[in-house]
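Take these sequences, add in the hints, and give me the full structure.
Residue numbers (my numbering), protein chains in the order written: chain C, 1 to 110; chain Y, 1001 to 1111.
No wet-lab data here; the hints were simulated from the structure. Ideal Cβ placement from N, Cα and C applies to all residues, glycine included. Any given hint could turn out to be false.
Stated by the list, open to error - Listed next, with one range per pair, are the computed distances between beta-carbon atoms:
hint: 1; chain 1: Y; residue 1: Leu1095; chain 2: C; residue 2: Ser51; range: 17 to 23 Å
hint: 2; chain 1: Y; residue 1: Arg1015; chain 2: C; residue 2: Leu61; range: 22 to 28 Å
hint: 3; chain 1: Y; residue 1: Gln1018; chain 2: C; residue 2: Ser12; range: 38 to 44 Å
hint: 4; chain 1: Y; residue 1: Lys1013; chain 2: C; residue 2: Gly40; range: 45 to 51 Å
So the chains spell out like this:
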Amino acid sequence: SQQGEEDPQALSIQEGENATMNCSYKTSINNLQWYRQNSGRGLVHLILIRSNEREKHSGRLRVTLDTSKKSSSLLITASRAADTASYFCATETGGFKTIFGAGTRLFVKA
Amino acid sequence: DAGVTQSPTHLIKTRGQQVTLRCSPKSGHDTVSWYQQALGQGPQFIFQYYEEEERQRGNFPDRFSGHQFPNYSSELNVNALLLGDSALYLCASSLNRYLYTFGSGTRLTVV
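So this is what it looks like as structure tokens:
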């Protein structure tokens, strides 16, 4: 079973627009991470936010975490065609197991 | 600096056969995790190896086994292959618990 559930499952936007993806999870976490995957290849780590943090930025990425609602969001500003990929949230609940959601498929039209 | 290297990149096996997938971690990393990713799904944790021992295991049957060598490289073995084992198998390495570097994966097709 998967801990994280991303929403929406798929998102199609124009280049230059912002893209927002949401992730909900079920149990308490130590941290939450976001990854990108291009065309079924390996995952690339984007950003990690710890359970005591509320917001984190990295370039055009902004991640928020609301532990009371057990949810996180990933915002990509000024999207580019190269941002087309699947985006996954992943959680660590303790132990050494990172649990991934089913992902949001983002398509950015040039 | 090479990242995580997985071999082979693609593999076709017949139901009932056995398969071995290989992973070389990123230089300086000592921990290797394996994931199975079915088409259109997120990666599912199989197990993690550290100091040549299986440190944690996900909900996978005993047909899935692994090994870590003294140079930190790792193998994933799957016995008695089923059609449902067809997936992308991803290896990830890390030095600490949270920041994983993933390989490009091995695409396994069971026919």
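Hint by hint, here is what the structure shows:
no., hint, in the structure
1, Y:Leu1095 <-> C:Ser51: 17 to 23 Å, "holds (21 Å)"
2, Y:Arg1015 <-> C:Leu61: 22 to 28 Å, "violated (43 Å)"
3, Y:Gln1018 <-> C:Ser12: 38 to 44 Å, "holds (42 Å)"
4, Y:Lys1013 <-> C:Gly40: 45 to 51 Å, "violated (19 Å)"
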